[in-house]
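S.K.: Given next are the chains, with one letter for each unit.
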Amino acid sequence: MRIEPLGDSALLVRIVDDFARDPEASLNAVLGALRSLESAAIPGVTELAPAYATVAIFFDAARIESFDALETTIGKILHASSLEGESEVEAPWHEIPVCYDREFAPDLGDIARAAGLDESEVIRRHSGAAYRVNCVGFIAGFPFMSGLPPELATPRRAAPRKEVPAGSVGIGGAQTGVYPRSTPGGWNLIGRTPMRLFDVQWNPPAILQAGDRVRFRQISREEFEACTR
Amino acid sequence: MKLFVRSAGFLVSVQDLGRPGYRQSGISIGGALNLHALRVANALVGNDDLFAGLEATLGNLRLRFDDRRVVAWCGGEFTVRIGNDNLPPGHAGVVAEGEELTMAAPNAGARAWLAISGGIDVPLVLGSRSTDLRGQFGGYEGRALRDGDVIPLGTTSRLKERRFTNRRTDKSGDFEIAAPWISEWSAPTTWTATTRGDRVLRIVRGANWDRFTSEAQMSLLTTPFTVMPDSDRMAARLEGPALPRLDSSDLLSEAVVPGTLQVPPNGKPILLLGDCQTIGGYPKIAHVITVDLPIAAQLWPGNFVRFHEVSLAEAQDLLREREEDFARFRVGLSLQMS
Chain R
0 MRIEPLGDSA
10 LLVRIVDDFA
20 RDPEASLNAV
30 LGALRSLESA
40 AIPGVTELAP
50 AYATVAIFFD
60 AARIESFDAL
70 ETTIGKILHA
80 SSLEGESEVE
90 APWHEIPVCY
100 DREFAPDLGD
110 IARAAGLDES
120 EVIRRHSGAA
130 YRVNCVGFIA
140 GFPFMSGLPP
150 ELATPRRAAP
160 RKEVPAGSVG
170 IGGAQTGVYP
180 RSTPGGWNLI
190 GRTPMRLFDV
200 QWNPPAILQA
210 GDRVRFRQIS
220 REEFEACTR
Chain D
0 MKLFVRSAGF
10 LVSVQDLGRP
20 GYRQSGISIG
30 GALNLHALRV
40 ANALVGNDDL
50 FAGLEATLGN
60 LRLRFDDRRV
70 VAWCGGEFTV
80 RIGNDNLPPG
90 HAGVVAEGEE
100 LTMAAPNAGA
110 RAWLAISGGI
120 DVPLVLGSRS
130 TDLRGQFGGY
140 EGRALRDGDV
150 IPLGTTSRLK
160 ERRFTNRRTD
170 KSGDFEIAAP
180 WISEWSAPTT
190 WTATTRGDRV
200 LRIVRGANWD
210 RFTSEAQMSL
220 LTTPFTVMPD
230 SDRMAARLEG
240 PALPRLDSSD
250 LLSEAVVPGT
260 LQVPPNGKPI
270 LLLGDCQTIG
280 GYPKIAHVIT
290 VDLPIAAQLW
300 PGNFVRFHEV
310 SLAEAQDLLR
320 EREEDFARFR
330 VGLSLQMS
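Protein sequence lines, in the order shown, are assigned to chains R and D.
Going by numbering that gives the first Met the number 0, the residue at position 77 of the first sequence is 76; the numbering climbs one at a time, nothing skipped.
Going by numbering that gives the first Met the number 0, the residue at position 257 of the second sequence is 256; the numbering climbs one at a time, nothing skipped.
Just so you know, these hints were derived from the structure itself, not from any lab.
No experiment lies behind these values; they were computed from the predicted model shown.
Even glycine gets a Cβ: it sits at the ideal position worked out from N, Cα and C.
Keep in mind that the hints are not guaranteed to be accurate.
[Unchecked claim] Now the in silico label distances, taken between C-beta atoms and shown as ranges:
#	chain 1	residue 1	chain 2	residue 2	range
1	R	Ala-61	D	Ser-310	17 to 23 Å
2	D	Ser-310	R	Pro-91	24 to 30 Å
3	R	Glu-94	D	Thr-188	54 to 60 Å
4	R	Glu-224	D	Phe-3	42 to 48 Å
[Stated by the list, open to error] Here's a subset of chain R near chain D, in silico, CB distances under 7 Å, partners left out:
#	residue
5	Gly-6
6	Ser-8
7	Phe-18
8	Thr-53
9	Ala-60
10	Phe-66
11	Gly-136
12	Phe-141
13	Val-199
14	Pro-204
15	Ala-205
So here's chain D without its partners, still in its complex pose:
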């Protein structure tokens, strides 16, 4: 029922699907920067959507458990091992009691989402187990994990584990198997490996698109931007050609969302991510569409990123399509496990 953090790596935090419902009090939505990846990982280990997992940044993570758990992960190009065995992204694997789960530094991408059967059992704060790092609440003691932390896990049913392991053991009728066991089936790679070489983010126009010069609009759609070092869970700060405005009048603050591409007076766009503020006063030139936020969550300083415009209808169709695919995936998964 416990997770031992042998090495916490660079930045690991407890995250779930975020904390909606409190924007009126100024509380960020937060949650996994790639919500879909966490949902897929949770589904792979037999958890509900709402279970909390871990978001690891840049790896260097070593974990142990005091009982047997099923784990799965999605994200950048990491090497994850159970003992000496490789656990590819989107596959479920069984970690035996005392065995070590390791995640090395990535070859590409920045973040990974790890689900553990039973979920991370930290208290709900305002309806969520997500860590609000800036507000210092939620998650485990409102902070990133440290070496030596012992994190409570939820109950996991014996039956559930049996479902995961029976393909190999049902002939003998013996469900005690020698871990590790890694599933042959997996989730679609577009969901589980979100690091793309080309890094093109699709956007829809923002409310203030027309406040920018036609050169600025053209630059946004044709020129690569570089991700700057002061990027974090709140935002990826970008540098490229300046994006000048037609008029410099100030705007009243209004709602911003993860994916909003806002441009402060210095002309350098800021791509907001999950931990972004609830409101902002900078003009919004565009928004990265929801289905491409998983790619945005992998951006790391030095990366190049390009933008490609799509229509709002297309963005919403893509999102609806992905949700339908996910619903089918869940059904398929339950067939695999039954």
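Isolated chain R, as found in the complex:
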């Protein structure tokens, strides 16, 4: 574990060094640290946010005792929680319905060719795997997920699309994700979900949070249309 300054009003705690070696255990360690820091309610700390191997700690520089004191406090909290050993991290399951219809999947053919698989086999493998949310970001509510079968990993498109429709399910490198709203984007699109993932009226506004588990369930075009009607 390492604590690094992130400008003058935030810190970054690096919980694990090699996230990719074991994303499952890494995420558990990061979320465990996040929960410990949350329950410690350190004076002057305004917000905590996990992303992959790190937890960011935002603070009000005018309200903390000193930067060094804050660092020491954080170190103590995390040391104590690491002594308690690996705690059970709550990780709710979500099922996301996806229609892999050709119209929603402009990059399915390229992925299938690159992997040497039929398109239907790509769909079967994508919807058959278990995923976990590494972090939420890029745009509000966008989940970056690990668990993609390695043969489906595909580099991002060289030129991002000017507009990716809301609900698009994509592959970017070794991760899969869902665009909660329309935006420019560079991931390879293989389907679309009618499910809403983000709404500012909800709390939290993003359904998927770091650590959550996800399965995709293939639905027909008819089901998709019925859901969006």
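Put chain D on the given structure of chain R with help from the hints.
M.R.: Quick look at chain D alone, frame taken from chain R:
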């Protein structure tokens, strides 16, 4: 209780101190790009810190109100008038019902923050009235203001107005004064006029400083960079000498903050501002210190900007000092108004 937008200019949005607490859902902090300027303007009109005001980009703004309001602004080199009277930055002024408040295009700088007594009364979305322009929520209908918009304002107390006007009227005991009235007192100019000719931003080293070549580190600290046209509330994109890295391996995305200076593979640094994403995967060479973000918020395409390194302790001392000065300013202001 209403604000009429006669001319919305180039880009005007409702902003407050931002939307902390939702980074875990990927929501940007947002808020006024110069949070301090909005706080100072709010204090000048007797508002709380949390009241929402307007952020105007490049001026060309004309506003009217259906009741009497106290207004104040901070920011670039704009000319702001109440009717025909000049309202300098950092001064409070009274705008009478039906009178026009105008903000012309700036001579220098890009943005200004306008506070109105009672504040802008749009609904709170996730605890903030800020407009998230990219997410299209918050503020007024989740968008920039347009000509003809009618924006709800909060209540403003008669007593508060009286405080602003009594210096001129307490002899006669008549509080009805002929607007406009502009305060003689003002906020410190370093807070209210944030456009500087030299445009030097102080930085602290970022986590990935050591991933850059010594030439890159030297270039960052000695060479001016030009602000590029594709700059907005998310980031100021800069061009100058390329900033090569020692190793080209990818980084896992991690938190970024307003002020982060990140360098994508093309070597052209990007200075993140208030509407920046919550995470990023580009190496962070440095961070502009919080007290200099007001200067960063004035950068406009074609401007030159330089960087000067300071220690983290110095950056935090400067911030603490400014907060103490602001607390004193608030006390002083309440004495002026009582």
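S.K.: Next step is simple, just say for each hint if it's right about the structure.
M.R.: Checked hints:
1. R:Ala-61 with D:Ser-310: 17 to 23 Å: holds, 18 Å
2. D:Ser-310 with R:Pro-91: 24 to 30 Å: 44 Å Cβ-Cβ, so the 24 to 30 Å window is violated.
3. R:Glu-94 with D:Thr-188: 54 to 60 Å: Between R:Glu-94 and D:Thr-188, where Cβ atoms are some 59 Å apart, the hint holds.
4. R:Glu-224 with D:Phe-3: 42 to 48 Å: holds, 44 Å
5. Gly-6: This hint holds: R:Gly-6 lies near chain D, its Cβ roughly 4 Å from the closest one there, short of 7 Å.
6. Ser-8: Result: holds, 6 Å to nearest chain D Cβ.
7. Phe-18: holds, 6 Å
8. Thr-53: Status holds, d = 5 Å.
9. Ala-60: holds, 5 Å
10. Phe-66: holds, 6 Å
11. Gly-136: holds, 4 Å
12. Phe-141: holds, 6 Å
13. Val-199: Since the shortest Cβ distance to chain D is 5 Å, the answer is holds.
14. Pro-204: holds, 5 Å
15. Ala-205: holds, 4 Å
Figure legend: structure checked against the earlier numbered hints; the only hint not met is number 2.
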